[in-house]
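**Student:** Sequence:
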Amino acid sequence: MKNLNYFAENEQASQEQFKQHRDRAFSGVVALLVRCNVTPDMLSFVSMLMLAPFGYLVINSPEPGVVAIASLFLLLHVLLDGLDGPLARRLGTAGSAGAFVDMCCDHGGMIIVTWLVSAAGLIDGTIGNIYVATYTVAVVFIISLNILGSPLRFVLRSKYLFYILIGGLGWAGARGWLQPPVWIWLDYALVAFSLANAWICCVGFFRIRRALATRATEG
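This note's numbering puts the first residue of the sequence shown at 1, with every later residue one more than the last.
Hints should not be assumed to be uniformly reliable.
Simulated restraints, written as ranges between beta carbons of each label pair [claimed, not checked]: (1) 188 x 61: 17 to 27 Å; (2) 12 x 210: 17 to 27 Å; (3) 181 x 133: 19 to 29 Å; (4) 129 x 185: 12 to 22 Å; (5) 191 x 103: 18 to 28 Å; (6) 53 x 211: 42 to 52 Å; (7) 42 x 185: 34 to 44 Å; (8) 35 x 213: 49 to 59 Å.
If you are wondering where the hints come from, they were derived from the structure by calculation, not from laboratory data. Note that the Cβ used here is the ideal one computed from N, Cα and C, for glycine as well.
Model the full structure from these sequences, guided by the hints.
**Tutor:** Below you can see the structure in the form of structure tokens.
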């Protein structure tokens, strides 16, 4: 299933080139992983494990300096998650099954991170839940549109902006560049991201309905 992804139309056009750049950049690491008999699914699992120390640190001491250190585990989570594709292509196992696992870990990681920072008191719980809900529906609609052959032209990858903000605000707060309340900016950002997700959901709903109606007519 070629279109099992949540890339926008403009991203899909450059995906092959991006994959080649990423494969070259990680070729040395991937070669080592191959020699160690590491599989893409193992990488996905280890990437999820990186959220355990992240959560432990932010929940036990949600101070900017500690969150800044914890964000290094969040960075490892993202980097390891990004290695499974190059490894799968090197092993010749790239396909829809691997893409499905990757998307589940990708999205599951976002949900876990949001719940962890909410439990730590870094964000408002209601805002966090709204963000998770709108992001989830948006991703489902984007994947559905890609499978139907009617991708959106542009989507906002707010998850990575969210991660950058967690680490960035932690470092800025630890160095005294921001005065308390440091974390209020996360709430503001998640409200903005949720509005963007809601827009994608609305557009996606009508696009999917139109695509299904067209298929029913043609069938």
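**Student:** A separate judgement is required for each hint: does it hold in the structure or not?
**Tutor:** Verification of the hints:
The hinted window of 17 to 27 Å between residue 188 and residue 61 holds, with their beta carbons roughly 23 Å apart. Hint check: residue 12 to residue 210, Cβ distance near 20 Å, so the stated range 17 to 27 Å holds. For residue 181 and residue 133, the hinted distance range of 19 to 29 Å is satisfied, since their beta carbons lie about 25 Å from each other. Separation of residue 129 from residue 185 is about 19 Å and conforms to the stated range, judged on CB atoms against 12 to 22 Å.
For the pair residue 191 and residue 103, the beta carbons lie near 25 Å from each other, so the given range of 18 to 28 Å is met. Judged by the Cβ atoms, the range 42 to 52 Å given for residue 53 and residue 211 holds: they are separated by roughly 43 Å. For the hinted restraint 34 to 44 Å between residue 42 and residue 185, the CB-CB distance of approximately 36 Å keeps it satisfied. With their beta carbons about 52 Å apart, residue 35 and residue 213 fall inside the hinted range of 49 to 59 Å.
Hint check: no violations occur; every hint is consistent with the structure.
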